[in-house]
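Novice: Okay, here's what each chain looks like letter by letter:
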Amino acid sequence: MKIPEIFEFIRVDERLPHILCPGCGIGSAMNAMVRAIIESGLKNDDVCVVSGIGCSSRIPGYIDADTFHTLHGRAIPSATGVKLAHPELEVIVIAGDGDLLAIGGNHFIHAARRNLDMTVILINNFNYGMTGGQASPTTPQGKYAKTAPYGWTERNFDACAIAQASGAVFVARSTTYHVTHLRTLIKQAIKKKGFALVEVISQCPTLYGRLNRMGDAVKMLEYFRDNTISISQIKDPKEAEGKIVIGVLHDVEAPEYYETYKEIIRRAQAQKHHV
Amino acid sequence: MKKVVTGNHAVSYGVKLARAQVIAAYPITPQTQVVELLSEFCASGKLNAKFIKVESEHSAMAACIAASASGARAFTATSAHGLALMHEMLHWAVGARTPVVMANINRAMGPGWSVWTDQNDSLAQRDVGWIQIYCESNQEVLDTTIQAFKIAERVLLPVMLILDAFVLSHTSEPVDIPDQEQVDEFLPPYNLKTKLDVNNPRAYGGLTNPDHYFELRYKIQKAHTEALAVIKEIDEEYKKHFGRQYGLVEPYRCDDAKVILVTSGTITSTARLVIDEMRDEGRKVGLLKYRVFRPTPREILRDILYRAQKVCVIDRNISFGHGGIFAQEIKSVLYGLPASPPVYSFIIGLGGRDVTPKDIREIIEYTYKEETPAEPVIYRGVRL
Ligand SMILES: Cc1ncc(C[n+]2csc(CCOP(=O)(O)OP(=O)(O)O)c2C)c(N)n1
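The listed protein sequences correspond, in order, to chains A and B.
Residues in the first sequence are numbered consecutively from 16, following my numbering.
Residues in the second sequence are numbered consecutively from 289, following my numbering.
Calculated directly from the structure, the hints in this document are not laboratory data.
Please read all numbers here as calculations on a predicted model, not as lab measurements.
Think of the CB as a built atom: it goes at the ideal place given N, C-alpha and C, for glycine as much as any other residue.
Reference listing, derived: stretches of chain B covered by chain A, where coverage requires no fewer than 3 residues with Cβ under 8 Å from a Cβ of chain A:
hint, segment
1, 316-322
2, 327-335
Computed list of lysine-lysine pairs in DSS-like fashion (alpha-carbon distance at most 27 Å, straight line):
hint, chain 1, residue 1, chain 2, residue 2
3, B, Lys-657, B, Lys-546
4, B, Lys-338, A, Lys-158
5, A, Lys-234, A, Lys-253
6, B, Lys-290, B, Lys-528
7, B, Lys-507, B, Lys-483
8, A, Lys-158, B, Lys-334
Sequences and hints are given; from them, build the entire structure.
Specialist: Written out as structure tokens, the structure reads:
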């Protein structure tokens, strides 16, 4: 039997079975990421997958490539170090909403502003999964979490809007229901030169789903299926109200950090010859 | 009222009874249940306090310090990397003399990632100026939480109470939870004389030139020295109200002991059993539980340990490049006494590896038997 190609990127023998809960969406996101890497023509030694701490951040442990499981919130600065040391590597960050938007929120906006070439896959399950379902910056107001037993008082972030406003050149969103779509988006993000974000709306049936009576994983996936709208289909903004908008939300060209850096050096050296 | 609660919930009940007013925290295993229950108390109105789940531990401590400076009783809880991330703010709480109380659930530092217990997180904060109290049981955790606010507010120093991950944090024990009226009698409302007040404006956190800085540090040290008597007094007062007392340190069967073992945290409970067993066999062994770590209870440590022929110290921590931290402290306390007993230093149980009665017995036996320790630091149970 031919071993499916994706297993060339997964540490089947050492690391499986995985630690994710039954029905968790993070595996689907990982699947999409691995397939996107393969379809981009990358080999194991061409990529470095970096994460922080959280359930989503466990993914690099299953990947057969150079991986970095760093500190909670520090995936992006660590990825920055890897990219600066090895500009030839395709650097992919995969982490949760708490990791990238709460404790690591500052890094998120600054990496987007700098436009350093990396792909960030943000798995948004609307709560802190690993620590047991506390509210996160993406928990919608009024929803339930372990630290919000009577409903969450705060408003939530729109990660895509933040990334776009901060200078990211590619911003896209999909869900764990739309796995093929998700794979295509990650592929586009990998190809894009500069800071690219793919937000993955994902189910956490064990915590967020249970606390908010959303049913099991299948029910949550059905919810994603029935409550999403593709950006290309929106003719009137009213159509998007109350829906999760998916697709490529923002795609522009802007000078990438390292390219600009090289250009500055080139100019500085050219000047020297004149002195 | 007796209730079966985990160590984490013992903290939450203590904080509720102490009527904390601002609680800011960020979740981390094994601390989460402390703040989850508190968030419930606050949201349901059972505790008249404001709870905020901030975006990191650094922000949590910043919020607590400022709340405390503005006259609110402030509390947070954390562990390991959360505590490490607070480091800058821990200095600030001391320098600003804000009596914040924090529970730290001892968890090993990564990488290699571990959620299990050891003391390197809290001991790495040894020199920031927080009072540190290591607890042994869930009852002690609850009582120390209540005491901590009173101590902190008397001496204007922040207090960290410390409990072992899982062994206490997630383990249920029967705990006597005092009545609110009783606690109100013991712990008066927080009243900071220098609080931020719009009617009497003050500026906090100014630049301090070399003419003044040194004196501020000296006063912090002086507050620590004075805190020893205050902690003792509050502990005695606590006994009058609630019938329980813990001491700065707790000697156990030390009176005629030839060998005294020094422990902290939950290893103490295991050691107590071993001491009883060995005493039954007619061996002259004793135990000293090191409870208040900062400020150092120098005199009482000396008084108890000085009488032993040998002292052995168990450290569930390591100061890399040196050795066990409690052992260092004990050595420095005993230094200079005529004929002070030799100190045998053992490091064991890092990253939550079990410390069994057998381990403890062998440590005591070794100390008994060997003229001098084979190494300055002896590592027990390392599998190489
Ligand atoms: C400094 C620090 N604070 C807190 C933690 C505890 N912690 C581990 S994972 C996590 C949150 C995980 O949530 P998220 O990033 O949304 O990822 P998920 O588990 O939901 O995939 C937290 C708070 C930590 N490891 N380090």
